[in-house]
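A.B. asks: One line per chain: the protein sequences are A and B, in this order.
The first sequence begins at 1 in the numbering used here and counts up one residue at a time.
The second sequence begins at 1001 in the numbering used here and counts up one residue at a time.
Treat the hints as calculated values from the structure; they're not laboratory data.
Even glycine gets a Cβ: it sits at the ideal position worked out from N, Cα and C.
Do not take every clue at face value.
[What the hints assert, rightly or not] Chain B side only, calculated, beta carbon under 8 Å to chain A, not exhaustive:
1. Phe1075
2. Trp1085
3. Val1146
4. Pro1219
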Amino acid sequence: MPDTSLPVASAQPVRFRGGGFTVRTHRWAALLAFAVLIAVWESTNRFGLVSALFLPPPSAVAKALGAMVADGSLWQHLKASLMRIGVGWAMGTVGGMAVGFAMGIGSVARAVGVPLVSAFFPIPKIALLPLFILWFGIGEPSKFATIGFGVFFPTVIATYSAIDSVPRNLIRMAQSFGLPWASILRKIVLPGALPGILAGFRITASIALILVVAAEMIGAEYGIGAFVLTAGNLMLTDQLLAGVLVLSLLGLAIGTVLSILERRLLKWR
Amino acid sequence: MRLIIKDLCHRYDDLVVLEGIDLTVREGEVLAVIGPSGCGKSTLLGIAGGIVAPTSGTVEVAGDTPDGCLNPVTFIFQDFALLPWRSVEDNVALVLEHHPLPAAERRERIEAGLRRMGLWDFRKALPKQLSGGMRQRVGIARALAVRPAMLLLDEPLSALDAQTRELLMEDFLALWQRERTTALYVTHNLDEALRLADRVVVLSRRPGRLREIVTIEEPRDQRLQPSAQAHLAEVRDRLWHLIRAEAQLADREIANA
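Isolated chain B, as found in the complex (with noise of 0.2 Å):
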């Protein structure tokens, strides 16, 4: 599936948040977005998955979605979002529960679901009993549970630790490997960017515009070689260059605020 933003607008009031986002996300891409804090990355990926409506201009999507699918632009939040009040499994099942689905499928997505994220052992278990990561990966099986045709991750991996950010890094990639699941994933972390993405959409600080789209050559399979490390560090560094100067100013302008 491939989605088409076009001529993007956003504010809230007075505040013009994004201004002039055409971007189109390529089908089985990973698109990263980055940009300092506050130039919209969240609103744009709120406004793409169908939860902000934009100000003005377009997203839509096309293309085919994968056999089963219950809710084709999907969700993978920062927070989890997981109910309190609901195992692991329930949490899974709250997204399937107003499909007419037979018992049987409902019962094996969750369980395929649950599985591929190991946390089948404690389906029984509430969130809080669990640690963050395998919080994330409750949200990811639910993500899965309805076969997705494109993924909207919102900064997924800034509320863990590095350890596991590295563990869930893994299972993303395995997981795009296997899927070929079109996604947009907003960062502030240029190395998640860099070992994920395909392509790099640099945001400029608020009102957030399009400043540069990086491609990153280097196969996702193939980053961690030593090979590659000369091209990532080089893509890194322009990166870098790229939102520096708009992240003092982007930091400076919330201080003051």
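If we strip away everything but chain A, and leave its shape as in the complex, we get (with noise of 0.2 Å):
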């Protein structure tokens, strides 16, 4: 005999009760939200409520944008922040690594550098610029110095931390069989660290995007950062929102790599 053949009463459905807190894909939702925003942006200002002057319309941004293009403007000022990122990143970052890494396996290391680099951390880098222009000079070295420095401590703790947090399991693992250090270094800690030094790319990529922006506006003739000074300076609000445009590409290009990068190198996970 089945179990639900037996009589039953009064037998009530039982209510359900386990609706939302369900997250769901809503695909085409942000496209919308962004068609919405530039079309809602582009009525203020062909219904005058807002003056093109304090806030150009899209349409004038992208046409400021596509006038960059045309003259070549755009390319030269983007190669020249280009440059000072990833040579200022790339300073920044080796540095950092290394650092980062002896403090992550070096009792000593983590003894002196823990305290300096909790010191030297929260200084706004961009109040070190005058230094050192005073130290390199106007040209790139003061802003590669400027990218590197402030790249340099987020790259120390991300690095540090990440290999704090390789669990200690896989280590004595590895010396349980006899690996020597350096393989143990190689083939464990630099893998198990790798998520959270990626992490830390993308803050320092953020960072890097952030000082080239203030180091341009400080001294330099090309570059993103002088464009959109210059613009505001001449009251070209379309060209400076452009300028401003082309740094949020410039972010979304930089994020869209290195997530490239994270999905090549941990696909494990």
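Got two chains here, each in a separate frame; can you build the complex from them with the hints?
C.D. replies: Right under this line is the structure:
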């Protein structure tokens, strides 16, 4: 006899209470939100609600961007900024990873490094640009130094924390099988720390972008930061916003490159 | 291979964990270590395997190692300790890579270990794609690849469900039947100890001292027979009697801490 064949006097269905609190994918929502925002922005201008001088419409920004592409100035400014970001970020990253690694695996380096990093990390790096100009001159080296210095400390912290979070049981396992110290570093510590190090790259790339703009605003002829500052001084707000748009796209592009890198290197996660 | 532990003491700062342990793991025997939580079972194993330095006392090994032995004293871990970024076969290969072996022998050792554990078809899988039991089998295959003379097993079944535990116990029994590898087996599970061990060491609560060594007379391959049950029940009662009060006190100590 099946279990359900027993007679029940007044059976009632169990009420479903498990709805909500579930994240669903809404593929078109973000695109629609962007479209609505641009439409509202454009219409406020068309209907004369906001002056084009204070907030130029998206169509004017696009036109200014098109002109920059046509006369080649976009590439000129972008090239200068990318070079500064690339060199400054690489300097800060290589130095930061070396120090972070040393702090992660060496107790003396950690004892010396942690207080020093804690003391230097909170300094707003752009405040040091005048000092760097004094040391390295108004040219590129002072900008590299500002970006490099800004990238260095978060990289140290990210690398050191990432190494610290490598499961100790994996290191114990390797030791118990007699793996040499260098093999443990290469085969266990480095790959184990990679997710944390790559997460640090995401933060330092944003910092590099902020610092390049700030450094270019203080002393540069070319670069997106310099272009935005000049446009602001001349009240060319359409060009100013075109520059801001380029910066936003640059940030997006860097984020995409890092996502691809993460997908390739961290397939195992 | 024999393992001889003499007058072993260990402390973490002011906390004495192990005190006055004198113990010999005889050639070819499986010696289980049981005791209440926090009595220093895993520390004892770490010291025996040379990955924890004892505060005082000595650990020595004596006797022959099998042909091709690359790591005489080899661990099998409770949490498997597999590298999540390496495939099954690469996890096994890890422990061979620093030895100057011909490529063919390396491949042969990996394949033999994985086939013995029934994992050859899963050699390209990542650990996250395997069940808990399969992950522990990778851990066993890795241990077998170095042809150990002695296995140190740190609660190897405690992270697994009951059915998988039973299956892996059968694997261990088959392994010991065939290889006669000496083993020091830490567990908190009396039934595991009764099923797998030749002798059972009972440790007191912290600081862990050797309370008693109980010998299980029944041969391992006959312990599921009805005729063995009376003796095993007797041993079980004896072991439980030895650790019950200590386990209760240790439990209270942990709760208070």
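A.B. asks: A separate judgement is required for each hint: does it hold in the structure or not?
C.D. replies: Verification of the hints:
Below 8 Å, beta-carbon pairs count as interface contacts, and Phe1075 (chain B) has one with chain A at about 5 Å; its hint therefore holds. With 8 Å as the threshold, the beta carbon of Trp1085 (chain B) comes within range of chain A, its nearest partner Cβ sitting at about 4 Å, so the hint holds. Taking 8 Å as the C-beta cut-off, the interface hint given for Val1146 (chain B) holds, the closest approach to chain A being about 7 Å. Look at Pro1219 (chain B): its Cβ only gets to about 31 Å from chain A, farther than 8 Å, so that hint breaks.
The structure fails hint 4 only (numbered hints given earlier).
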